[in-house]
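Asks: Using the sequences plus the hints, can you model the full thing?
Number of protein chains: 2
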Amino acid sequence: MNKPCAHHAHPHRLVQQSLGELTQKLRDQSRKITGPRQALLDVLRRHAHPLTNKEIHAALGKADCDLATIYRNMHTLQAMGLVKRYDFGDGAARFELAEGGSDHHHHHLVCRGCQTIVEIEGCFPAELEAELARRHGFSEVSHRLEFFGLCPRCRIVPEPTP
Amino acid sequence: MNKPCAHHAHPHRLVQQSLGELTQKLRDQSRKITGPRQALLDVLRRHAHPLTNKEIHAALGKADCDLATIYRNMHTLQAMGLVKRYDFGDGAARFELAEGGSDHHHHHLVCRGCQTIVEIEGCFPAELEAELARRHGFSEVSHRLEFFGLCPRCRIVPEPTP
DNA sequence: GTCCATCTGCAAAGCGATTGCAGAATGGCG
DNA sequence: CGCCATTCTGCAATCGCTTTGCAGATGGAC
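These protein sequence lines map, in sequence, to chains A and B.
If you use my numbering, the first sequence corresponds to residues 1 to 162, in order.
If you use my numbering, the second sequence corresponds to residues 1 to 162, in order.
Keep in mind the hints are simulated off the structure, nothing from the lab.
It is possible that some hints are incorrect.
Since copy identity is lost for identical chains, a pair holds within one copy or between any two.
[Unchecked claim] Below are the SDA-like pairs computed for lysine to any residue, each with C-alpha atoms no more than 20 angstroms apart in a straight line:
1. Lys84 with Arg72
2. Lys54 with Gly89
3. Lys54 with Gly91
Replies: So this is what it looks like as structure tokens:
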């Protein structure tokens, strides 16, 4: 929840998300390339798993900016398709860089104990969206899927028998 | 979001969730069968889809009780396994009667426009939990799956060509 | 009926998120 | 390069959902 995230260890994972692509998308919508904006995306680029706004704020370090600015920018960047928003049910939204657009669709396996996040490749219910749309008359059907569990380190240690 | 829910039309759907079962479970944990408690479960019994605490509060009518009491009871009843909690990502938790326990596992298809909720029978990712547990060493794996879309009534009407 | 644990109402507060506003920064244009 | 409209930021106030502390009420076992 508010423990320091232990998954910062995949640095420079998204080098291909070039600054060029970013500035291009920003320019296309007459948005400005500001210091905070770059710093936020930089933080996301250095982390392999979704972060809360508070975690992003903490990770900014020297490039510190107001929390409200982070909220506003995350909203904007999400609307632009540059970041993806996840909700793990603990009341705080989490954000992750959207790699290359909507093609890298994935979900997460979250430990109920320590919040460790494992990325799940592949999306199983995707093929069901069409059927649901047809059966219920819905359009633009999407879904949200997250798994929860106890990771090996958080498994409860059995009491020694006396 | 805060529109009056239009799905109150499945009355007495859960007659089998007898008062007996309820009182039994409550007694087992030395909890008390109070007026508010019965009224809350009564409201849930009369509605076919998950309700927010505010909606429950509004539906109480004559049996009105404090919002805090509803929050506390929903927490308790959920811990006892009598109600199920859902999160559709709009910031408000929703609650539904748990019919007979954990056997009636299902998900929802939620309209992005009017919040109409369609219950989806069957659970597709269930079979994947075991594999995820094996592959990543997790135990007690569960998941959360919700679909979103636009229901027929909320589809955007195309502009007439001038 | 008595007594203790549990529960309720009320009010305050916590927390994530949003917003209004004045001043600062950006980027297009001449 | 410098001007200007637009966008952005920081700050503070605010919102909505949820939780909590406390005193008094209620339920249920005896």
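Asks: Against the earlier hints, flag every one the structure doesn't satisfy and list their numbers going up.
Replies: none
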